[in-house]
Structures are given as C-alpha cells and as structure tokens.
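*Asks:* Respectively, the protein sequence lines represent chains A and B. Take any residue in the first sequence, note its place counting from 1, add 197, and you have its number in the numbering used here. Take any residue in the second sequence, note its place counting from 1, add 97, and you have its number in the numbering used here.
No lab work stands behind these hints: they were computed from the structure. Yeah, the Cβ is synthetic: ideal placement off N, Cα and C, and Gly gets one too. Don't take every hint at face value.
In silico BS3-like pairs for lysine-lysine, Cα to Cα no more than 30 angstroms straight-line [unchecked claim]:
{"#": "1", "chain 1": "B", "residue 1": "K181", "chain 2": "A", "residue 2": "K286"}
{"#": "2", "chain 1": "A", "residue 1": "K286", "chain 2": "A", "residue 2": "K360"}
{"#": "3", "chain 1": "B", "residue 1": "K181", "chain 2": "A", "residue 2": "K276"}
Beyond 12 angstroms from chain B on every Cβ pair, some chain A residues (computed) [as the list claims (entries may be wrong)]:
{"#": "4", "residue": "M198"}
{"#": "5", "residue": "R285"}
{"#": "6", "residue": "N305"}
{"#": "7", "residue": "L308"}
{"#": "8", "residue": "T317"}
{"#": "9", "residue": "L337"}
{"#": "10", "residue": "M372"}
{"#": "11", "residue": "G379"}
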Amino acid sequence: MIWQEIINGISIGGVYALIAVGYSLVYSVLNFSNFAHGEVLMIGAYIGFYALTALRFPFWLAIALSIVLGGVVAITLEKIGYRPLRLRKAPTLYFMISAMGLSIFLQNFTLVTIGPNFRTYPEVFSFDPFEIGSLSIGSLDLIIFVTTAFCLGLLTWFIYKTKLGVAIQAAAYNMRVASLMGINPDLVVSIVFFMAGASAGIAGVMFGMKYTVYPWMGSLTIKAFIAAVVGGLGSLPGAVLGAFILGVTETFAAAFVSSAFRDLFSFALMIFIIILRPGGLMGVVVKEKA
Amino acid sequence: MSVYVQGILFLSCINLIAVLGLSLLTGFTGSFNFGQAGFLAIGAYAATLMTVKVHAPFAVALVTGMLASGLVSILLGYPTLRLKGDYFAIATLGFAEAVRLLIENLEKVTGGSRGIPSIPTKTSLGTLVPVTLAIVWVMRNYIASRHGRNCVAVREDETAAQAIAVNVFRYKQISFFVNGLLAGLSGGFMAHYVGFIQPSMFGIQKSTELIVMVIFGGMHSITGSVLSAVVLTSLPEVLRAAAAWRLVMYGAAVVFIMVVRPEGLLGSWELNIRSIKAMYRGASQFFRHLYLRAFHGTA
C-alpha cells in the first residue's frame, strides 16, 4: 500500500518537476517568478491536442510541435512583457505584475476564443498498467516518468557541459559581469525562456494526456511553484527534489487523510519549509547587497 | 437615486475598502499580495456567522470580521514577510486557495460550496459611504505621515531603509495587518449587501480584480485607487455586452501599464483641491491661448 502510494507520488512529482524546472531556470537568471509559465503549459497542451485531433499528426510530431511552439511563445512573452522592464532595470515587483497581466490575458483569451470546455486527449498509449509483484504502474505514468527523466538529463547536460550552458550559469551568477565578458544578455535570456517554454510544452502534453485540457489549467502550476520554493528557487536539482517530495506528500495526504485536504497539505508543506529553511531545501539565501 | 446607480455605489465602496488596504500593502510598501480574496472570505464568513448564528449586532459582526482577518494576516505574515517578495506573493496566492478549500470542506460551519443563504442585508449607504470616506481620509493622512514615508522607503530599497533605521519587517507587518483589517471589513459589508456568500465568490479572479484596480489607478496614489475602484466597478456594468472580454483587456492593460507607465494612471500624484485647481489653471491657459490664436491672430 505504502509503496504503491510512493509510486503514484513519484509519477505526479515527475510532471511537477518538469514545470518547476522552468520556474527555477527563469528565476536563476532574472530573479523573479514567472507567473505566466503556467499559461505556456496550457498553450502547449492545446497545441498538442489540436495537432493530434484536428491535424491528425503522429504523436512524436505533435510533441515536437508543442516543444517548439511552447518555446517560441515563451520567448515572445519575454520580448513583450519583460524585456522593456529588463532594459529599464525595473524593480522585481513590476516583473511579477507584468507576468500576472500576461497570465490573465492568455487565460481569458483562451477562454473567450476556444471556450471553457474540458477536452480529452485521444488515447495514444494503452493505459494497461504493468504489474510488478503486488504493485501496479500505469504505462502512461511510466512514459511520463521516462520522458521527464530524459528531458531533465538533457537540460542538465546542456547547462553544465556546453558553452552556452556555461554562459547561462555566468549570467545567473551576475548578468552585468557576464555581459562585460562578451555574453549577450538578450541571447541568454531568450535561450532560458526557450528552454522553460519547451519544458512547459512537454509538461502540457503530459498533463493533458493524464488529465484533461482546459483554459485555466495553468493555475495547476501553482503546485510546481510550491515545489520550486520547497526545493529552493533558482536551484535546478532543488526543483526536482521539491517536486518529488510534493508529489509524495500529496498522494499520502489524499490516501491517508482526505483528498479534499490534499492542496492544504501542499500549502502547509511550503510554509513549513519556508519557516525551517527560508531559502528552500537546496537554495541559498542571498542577502541583498547595498 | 435609482436602484441601479445605488448598486454601483455600494459595490464601488465595498471594492474600494479592500483596494485601499491593498494599495497600502502592494502600492506603498511593495509586498505583492496575490490573495486578497482569501482575506475578504475570512471577513465575510466571520461577520456572517456572527449575525446568522450568534445574532450579534451588525457593528459587532463587522469588527469580528475585521479582527479575524487581521489576526490571520499577522500569523501568515510572521513567516512569509521576512522573505523575498516572490515567496510572499506565492504564499498569499496559496493561502487564498487554502482558505477557499477549507471553507468548502468545513460544511457544518460554512455550508460547504453551497454557502450561506439569506443573510440579513444590513449594509446601507448611510453607513457604508461615511465609513469609506473616513478610511480614505485616514489612509491619506497615514501615507503623508512619517510612517507612510517609511513604508515608501521600504518599497524603494529595503537595505537602504534599514540603513536609516527603518524597521523593515515591522512596517511590512503593519501594512499587512491594516490590509487584513480592511479586507475583512470589505468582506463583512459585502456579505451583508449581497445577502448570501459562497466560496466561489472568493476565487483567484476576485484577487486579480482588486490588484488590477490598485495598478490601474497608480500604485503610489490613494486617490488613484479611489478613482480606479469606482471606474473599474462601474465599467463592467456599463459594458455588459463585452463582459467576456473584460478580463482579456484587463490582462493586456496591466502588461501595457507595466511596460509604458508602471506608476499607473495617476502615478504618485494625488487628486486634491490644489492639484485640481492647478489642472484647471493649466487647462484654461491652454484654451485661452488657442482662442487668442484663432480669433485674434496673436499668441
């Protein structure tokens, strides 16, 4: 029973991890929380849905489309909503408000144009669970887990092993000094937003397959945000760790207490962690310098 | 006054009370509160339970709602206000959702998702308008006082504020507490005006509406908040046909404001007799200039 719940928790944690990484990436470079990230996920989910149903694309092409378009949407949002603020060196508060505006706009635009209906993905994979002893693992969960692990691996490789990745690390450390060293800040920010958007695109398709697609599904990403906070904002391994801890906490709360109080537990977990370790589990508290 | 106009006035005042709290907290002190609806809900439910279950007088119910919401904001602010703004924003967002879930699931006390029906409608314009005006006056004086300037110092630069011996945490906490009190009061008035409350009235959309009002009017202006609360409450009533597009336009407008004029409509400019006089003088000079130029050929 307990092992089964842990498996369920890890499978939902995997999707959270993919979204949380997007938050952390943007936070590490620009130092603000991109509240519009959830809407990129929603757009990715819709793109995947229409590619599979209206355009009858094969699955790999649909997912590739939502990766690319998710990234493009994220870059576009950055150019419209954040770049002017970045150039003006506006305070973080303005970034957050701008992000909120983008999120309200996209959510309600989708609501008005596409409509409030819940849409179900066509069955791409059979849902037959694997049986290992007394444990059962849904095949969709397994696919999601493998995809997440692959994407996170790719992301880690890109950031720690390639030249551009090192540039991103430098920019995260200090954008001004990095730009003195010949790193183009606009390019770095665009790449970061592309990666965040692309991972949100995949996560959107995964979420859509596991649940349904609807205009305000972006607000589900508050869970991923909580995961990023628990793990430490700005830290990639922290985001992944936080996501799995949150996933397991949630399924345990739902299984052993009451599914109605599941979200209360995730919120309480965040407050608890913030009190114990203000920087999150793997984050560092950076004191503001004069 | 027609019932329709009265209705708009009621809602404008109720929204304005919550917006004033938010203006102090987010506009002047710089802590982004994403979950104002949660505090409204606490005030509304506490006040309603007092009138419906305890049969307390209206004033007692309102004060109970205020204090309940204020107390919760102290408890929530203690761990979260010490941290960076992002954590605070997300904590308030999560908090509002948690409050809504709690209300939905504590069916014995709150009536669950069906809410509490047939609340006595005790809110009258005779009490609401003077209370609102009094709050505007107090807030204006608070902002103009030393304490108000300290809040602005916290918003502009926490480190610098600390360096000139401003207790950053305490001012944030005061602002958050006042915001809680006002949100609770607004919730209490709202419940006793509408006549029923449901958890769905206190969703993310409500928080969004209120924060948009603060941003529209100018984050650094009390009268700006007054103006935008009245205008944005009556606009959707006037533009009923475009109701679905309202939030789309709000979103676009918020981004536009942040990119083009982040200080909002009035910025840090306050509307008062002197500024209106100055505006009038400027305008009349301008028109005089036009007149002379058009009809007398002199300028």
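*Asks:* CA of K286 (chain A) to CA of K360 (chain A), is that 30 angstroms or under?
*Replies:* It holds: about 27 angstroms lies between the C-alpha atoms, which stays within 30 angstroms.
*Asks:* Would the least Cβ to Cβ distance between N305 (chain A) and chain B come out above 12 angstroms?
*Replies:* Given that some Cβ of chain B is not farther than 12 angstroms from that of N305 (chain A), nearest at about 4 angstroms, it is violated.
*Asks:* Is the claim that G379 (chain A) lies outside the interface with chain B correct, judged by CB distances over 12 angstroms?
*Replies:* 28 angstroms, holds
*Asks:* Are all C-beta atoms of chain B more than 12 angstroms from that of M198 (chain A)?
*Replies:* 24 angstroms, holds
*Asks:* At 12 angstroms, judged by beta carbons, does M372 (chain A) keep clear of chain B as stated?
*Replies:* About 17 angstroms separates M372 (chain A) from the closest Cβ of chain B, which puts it past 12 angstroms; holds.
*Asks:* For L337 (chain A), which was marked as not at the interface, is the minimum beta-carbon distance to chain B over 12 angstroms?
*Replies:* 27 angstroms, holds
*Asks:* Does the no-contact call for L308 (chain A) survive, Cβ to all of chain B over 12 angstroms?
*Replies:* L308 (chain A) is in fact no farther than 12 angstroms from some Cβ atom of chain B, at 8 angstroms.
*Asks:* Can we trust that T317 (chain A) is non-interface, i.e. its beta-carbon lies farther than 12 angstroms from all of chain B?
*Replies:* 24 angstroms, holds
*Asks:* Straight-line Cα separation of K181 (chain B) and K286 (chain A) no greater than 30 angstroms?
*Replies:* 18 angstroms, holds
*Asks:* Verify the proposed pairing of K181 (chain B) with K276 (chain A), using a straight-line Cα cut of 30 angstroms.
*Replies:* 25 angstroms, holds
*Asks:* Please confirm whether R285 (chain A) is truly not at the interface, meaning its C-beta sits more than 12 angstroms away from all C-beta atoms of chain B.
*Replies:* R285 (chain A) is in fact no farther than 12 angstroms from some Cβ atom of chain B, at 9 angstroms.
Violated hints for the displayed structure, listed by number in ascending order: 5, 6 and 7.
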